Structures are given as C-alpha cells and as structure tokens.
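All chains, please: the whole structure from these sequences, using the hints.
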Amino acid sequence: MSKFVAILKKRYKRIIRMKKFVVPFICLFVIMANTFIVEGAETHTAETENATHNHGECSCHHEEKYDPGASAFHHIADANAFHLFGDYYLPLPCLLYAPGKGFTFLMSNDFDMHHHGSGTKAIDGYVMVHGSIMRVNQEGFPMDGEVEVACYTEKTSEDGKVTFQVIYEEKCYALDKKTSYDGGIMGGGVTSFYDFGMTKNVFTMILAFLILFFLFRKAAVSYITRKGQAPKGVQAVIEPLFEFIRNEVAIPFLGSKYEKYLPYLMSIFFFILGLNLIGQLPFFPGSGNVTGNLSVTLVLAVIAALITNFSGNKNYWQHVFNMPGVPLPIKFILTPVELLGLFIKPMTLMLRLFANITAGHIVIIIFVSLIFIFGQAGENLGGSILGGVMAVPLTLFMMAIELLVAFVQAFVFCILTASYIGAAIEEHHEHH
Amino acid sequence: MTGTLAAIGAGLAVIGAGIGIGNIGSKAMEAIARQPEVVGDIRSNMILMAALIEGAALIAIILSIFVK
Numbered sequence: 001m002s003k004f005v006a007i008l009k010k011r012y013k014r015i016i017r018m019k020k021f022v023v024p025f026i027c028l029f030v031i032m033a034n035t036f037i038v039e040g041a042e043t044h045t046a047e048t049e050n051a052t053h054n055h056g057e058c059s060c061h062h063e064e065k066y067d068p069g070a071s072a073f074h075h076i077a078d079a080n081a082f083h084l085f086g087d088y089y090l091p092l093p094c095l096l097y098a099p100g101k102g103f104t105f106l107m108s109n110d111f112d113m114h115h116h117g118s119g120t121k122a123i124d125g126y127v128m129v130h131g132s133i134m135r136v137n138q139e140g141f142p143m144d145g146e147v148e149v150a151c152y153t154e155k156t157s158e159d160g161k162v163t164f165q166v167i168y169e170e171k172c173y174a175l176d177k178k179t180s181y182d183g184g185i186m187g188g189g190v191t192s193f194y195d196f197g198m199t200k201n202v203f204t205m206i207l208a209f210l211i212l213f214f215l216f217r218k219a220a221v222s223y224i225t226r227k228g229q230a231p232k233g234v235q236a237v238i239e240p241l242f243e244f245i246r247n248e249v250a251i252p253f254l255g256s257k258y259e260k261y262l263p264y265l266m267s268i269f270f271f272i273l274g275l276n277l278i279g280q281l282p283f284f285p286g287s288g289n290v291t292g293n294l295s296v297t298l299v300l301a302v303i304a305a306l307i308t309n310f311s312g313n314k315n316y317w318q319h320v321f322n323m324p325g326v327p328l329p330i331k332f333i334l335t336p337v338e339l340l341g342l343f344i345k346p347m348t349l350m351l352r353l354f355a356n357i358t359a360g361h362i363v364i365i366i367f368v369s370l371i372f373i374f375g376q377a378g379e380n381l382g383g384s385i386l387g388g389v390m391a392v393p394l395t396l397f398m399m400a401i402e403l404l405v406a407f408v409q410a411f412v413f414c415i416l417t418a419s420y421i422g423a424a425i426e427e428h429h430e431h432h
Numbered sequence: 001m002t003g004t005l006a007a008i009g010a011g012l013a014v015i016g017a018g019i020g021i022g023n024i025g026s027k028a029m030e031a032i033a034r035q036p037e038v039v040g041d042i043r044s045n046m047i048l049m050a051a052l053i054e055g056a057a058l059i060a061i062i063l064s065i066f067v068k
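Protein chains in written order, with our numbering: chain A, 1 to 432; chain B, 1 to 68.
Honestly, I wouldn't trust all of these hints.
Per the computed footprint, the stretches of chain A lying under chain B, defined by three or more beta-carbons under 8 Å from a beta-carbon of chain B, are [to be verified]: (1) 354 to 368; (2) 410 to 416.
To list a few chain A residues with every Cβ distance to chain B over 10 Å, as calculated [as the list claims (entries may be wrong)]: (3) HIS83; (4) HIS116; (5) ASP144; (6) GLU154; (7) ILE206; (8) PHE216; (9) TYR223; (10) GLY233; (11) VAL249; (12) THR348; (13) ASN380; (14) LEU381; (15) MET390; (16) THR395; (17) ILE401; (18) SER419.
Treat the hints as calculated values from the structure; they're not laboratory data.
Note that the coordinates shown come from a computational prediction; the quantities given were computed from them, not determined experimentally.
Quick reminder that beta carbons are idealized off the backbone N, C-alpha and C, glycines included.
In structure tokens:
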C-alpha cells in the first residue's frame, strides 16, 4: 500500500509542487480583483456626476482631468489631419458626402485647427473635433457656408457612451460620430455622412509605397550594374530579407509552385514591415498607425482568404466538404467545423496583426502618460519629473520590443498566409 | 464594473497564452539542444505555433477591451 502511495506521489509530484505557487497566486488575484472593483465603482460614480453637471449647460468650460485611456485611443486612431508640431497641421484633402447635401471638397486646414486638432470653423455643417471630421446632426445649425464655432464639449449619456457637441452662439448642437467602416468597433460607425478623404493612414500607406518602390528599384538596378559583384548599399539590406522569405517561407510551404505566389508574399511582407516601422516613429512622417487599424488588416486578410480559396484544388475542397477516410457520422460534425475554419483563419490573421500593433502603441502611450498621471495633468512639477524618470526607460524598453514585433508580425502574417495557401494547393497524398 | 471584469478577462487570457507559449519555447529549446543542425526549421515552426496561440489570446483580449 505504501508503495502505491509512493508511486502516486512520484507521478503527481509536479502537481503537488505547483500547489505552493497556486495558493498564493489565487490569494493575490482575489485581493487585486477587490481593489479593482472598488476603484471601478468609485470612478463610475464620479463620471455620472460629471455627466449630470454637463447636461443642459452650454459653456466652454474645460475639464482639465487627464484620461490616459481616452488619450491612447485618440492617438492610435485614424485622423483627417496630420499633426506636425505645435498648432501646425499638414493639410489633407477631404471629400465628404452627405445624402441630400451632395459632395463637399475641402482641405483639412480650412477648419483652422488650433488646440488638440479641434477646428474653430464649421463648413457646410462639418466640424473638426480632435482631428476627425464630424457632422452636426441637430436642427438650427447653419448647414451652408462657413461659420465660426466656439468650442466642443463631450457629453456622456446614461449608458456610458460619449458623444460630442459643438457650441455655436452659446447653444449646443449634437454631432454625429465620425464615419468609419469597421462597424463601430473602434467607437465610430457609419453615420449620416461618408468620408472619402485622404486620411492620415492613407497618407502613410502612400508614403510606405513610395519608399518601398524606390528601395526595390534601387536594388533591382544594382543587380544589373553590379553583376557578379558582392551586394552593396540598399541591395545588401533588401536581399537578405528577400532571400529569407523565399527560402524559409515560400519554398518550404509552397513547394515547387512557389514562384507563382512569391510576388504576393513579398508584397505583403514588405508592406506590413514598412508600415510597422513607419508607425513606430513618434513624429511626422511616421505616427500613422496603419497596421493597427482594423479596416486595413481586414482588407489584407480578405485578400489572403481570396487567394487561398481561389487557388484551392480539388483535394482542398474535398478536405473541407467530404473528408476522406472518416466515417459518415463524423462528417456531419467535421464539415461545419472545416467551413467555420475557412472564416476563422482570415479572422485571426486580421486580429493578430491589429492587436499586436495596437497593444504595443497603447502600452507606449500609457507609459508616456505616467508623466501626466504623476504630475496630476501639469499641476505638480516634482511628480512630472518622477513620471518622466520612470517613463523614459519603460518607453525605450517597449520601443525595442515593438521593433522586434514589427519584424515578427510581418513574418508571421507572411508565413501563415503561405501555410494556408500551401494547404490549399497541396497535392493528394495516400497516407489517409 | 464591466471594465474591471474585462480587464480581469484579459489577464486570464494572457495566463493561458503564457503557459502555451512557455511550453512551445521550452520544447523548442530542448529540440534545438538535441539537434542543433535543424535550428532554422525549429525556429520558424516555433514562431508559427506561438503566433497561433497568441491569436486565440489576442481575440480574447480584443473582445475584453471592446465589449463594454
């Protein structure tokens, strides 16, 4: 009997050892959860008080409370104006369309932006709030021509949703949210107007395209002029990356047919890599968070899904609809699962890139926010200095991690796309 | 309150992903120590598997951020 116990003890030694860690961990977790919940309840009551205070009253009273979360989401979001420095903005063309009103074309600097990307003018009922264009959605506001507006306030409704209001001649007018085509997940949604303008992200994408075009052109030219010599300059940067993707991604996953898919894989790798690296620069011409935008990654994932499914051979579709070598009852379970997999694969592709880049940027902004949190939004200089001393090494560390993530995510997107395409074009094997 | 629960959910998702990626890393290190000559293959497969696990965790985190 004692021998049996000894065997049991030996077998479950790992679990018994783990208990030492698990118990304190759970205690810590419960304590943490309690503090968080109490804190959450307190801030919630504070917020509702604030909302009732703002309701019905229309003055340009500025609430100088610093909110790191809102600040982070503002900085990673797409914008209609590109902030250069101070109160200067790069003008971007805006093409706006509202049903019943028609098209409005203007440059983003026409709104005469000052502080935080908020414009002081309303043009045809459009206003610029925190760098994004919104439209007045209330009777009484002059919907034609240019008018001066005083300022913008936030209104929190009872269910916690934040909407903006514009103040014009001491009256409040409700604003529609800015348009976005991500279904409102990032706080936008399709509203009463459509924005076809060139946003910050579009500008960054064109910039990345031009940089990549000139780099690859230079590399290609030096293949002709430096024939038989060792690579040099731009060629020496591009060639190892290119060879790495070809030898480690394309050939192992796609086999002999790799040349057909190589241009697509290379485009996707260098496009994502370029945008990731440009997005890491905290100032102009960087700071456009393109790969951390759900719409962009959605399009990339849809292209990957289309290429995978259109190049799928008979064998691939047979594995989806009629898995060979599996009994009939199992097929009723397996086929829906495989069909779901067709949609889940591109969805994870989309979310992985988006979440990695967004999470990195949010963490950096939160670390920078430490300066304002400790300094109580500029009231306490000593706290600001302490925050700065903490924020700089943390931000540096996070940026180093993000540099790694920029390469890894471009590589992962590429390798996963290659593996999906590889599974779709795989020839029939007899080992089932 | 909901935001706090969401934060806890994000943390729980990270625990799962951490265990998974930790296992991948340890096994990959063992495999490299045994067969250093196939280090390239092991590394790319390791990143691939880590990315798959990370995808599941990130979906949970994104949901916990945006479900309010």
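Okay, the hints, checked on the actual structure:
1. Coverage of a stretch by a chain is defined here by at least three residues with a beta carbon nearer than 8 Å to that chain's beta carbons; for the region 354 to 368 of chain A and chain B the count is 4, and the condition holds.
2. A count of 4 residues in the region 410 to 416 of chain A with a Cβ less than 8 Å from any Cβ of chain B is obtained; the coverage claim is therefore met, three being the minimum.
3. Chain B leaves HIS83 (chain A) outside its interface by the beta-carbon criterion, the shortest separation being 25 Å against a cut-off of 10 Å.
4. Remark: the non-interface label on HIS116 (chain A) is consistent with the geometry, its nearest Cβ contact in chain B lying 23 Å away (cut-off 10 Å).
5. Non-interface status of ASP144 (chain A) relative to chain B is upheld: no Cβ of that chain comes within 10 Å, the nearest being about 37 Å off.
6. Here GLU154 (chain A) stays apart from chain B, with its beta-carbon at least about 16 Å from theirs, past the 10 Å limit.
7. Separation of ILE206 (chain A) from chain B is adequate, the least Cβ-Cβ distance of about 28 Å exceeding the 10 Å criterion.
8. No beta-carbon of chain B comes within 10 Å of the beta-carbon of PHE216 (chain A); the shortest separation is about 24 Å.
9. For TYR223 (chain A), the condition that its CB be more than 10 Å from all CB atoms of chain B holds, with the nearest at approximately 25 Å.
10. The non-interface label for GLY233 (chain A) is consistent with chain B: the shortest C-beta to C-beta separation is roughly 27 Å, beyond 10 Å.
11. Chain B draws VAL249 (chain A) into its interface by the beta-carbon criterion, the shortest separation being 8 Å against a cut-off of 10 Å.
12. Distance check on THR348 (chain A): its Cβ comes as close as 4 Å (rounded) to a Cβ of chain B, failing to clear the 10 Å threshold; non-interface status is violated.
13. Residue placement check: ASN380 (chain A) keeps its beta carbon more than 10 Å from all beta carbons of chain B (closest about 26 Å).
14. Against the 10 Å criterion, LEU381 (chain A) stays outside the reach of chain B, whose nearest CB is about 31 Å from its own CB.
15. Consistency note on MET390 (chain A): stated as away from chain B, and its beta-carbon is indeed over 10 Å from all of that chain's, at 21 Å minimum.
16. Every CB of chain B lies more than 10 Å from the CB of THR395 (chain A), the least distance being 21 Å, so the non-interface label holds.
17. Separation of ILE401 (chain A) from chain B is adequate, the least Cβ-Cβ distance of about 14 Å exceeding the 10 Å criterion.
18. The Cβ of SER419 (chain A) does not lie farther than 10 Å from every Cβ of chain B; its closest approach is about 7 Å, which violates its non-interface assignment.
Hint violations for this structure: numbers 11, 12 and 18, all remaining hints satisfied.
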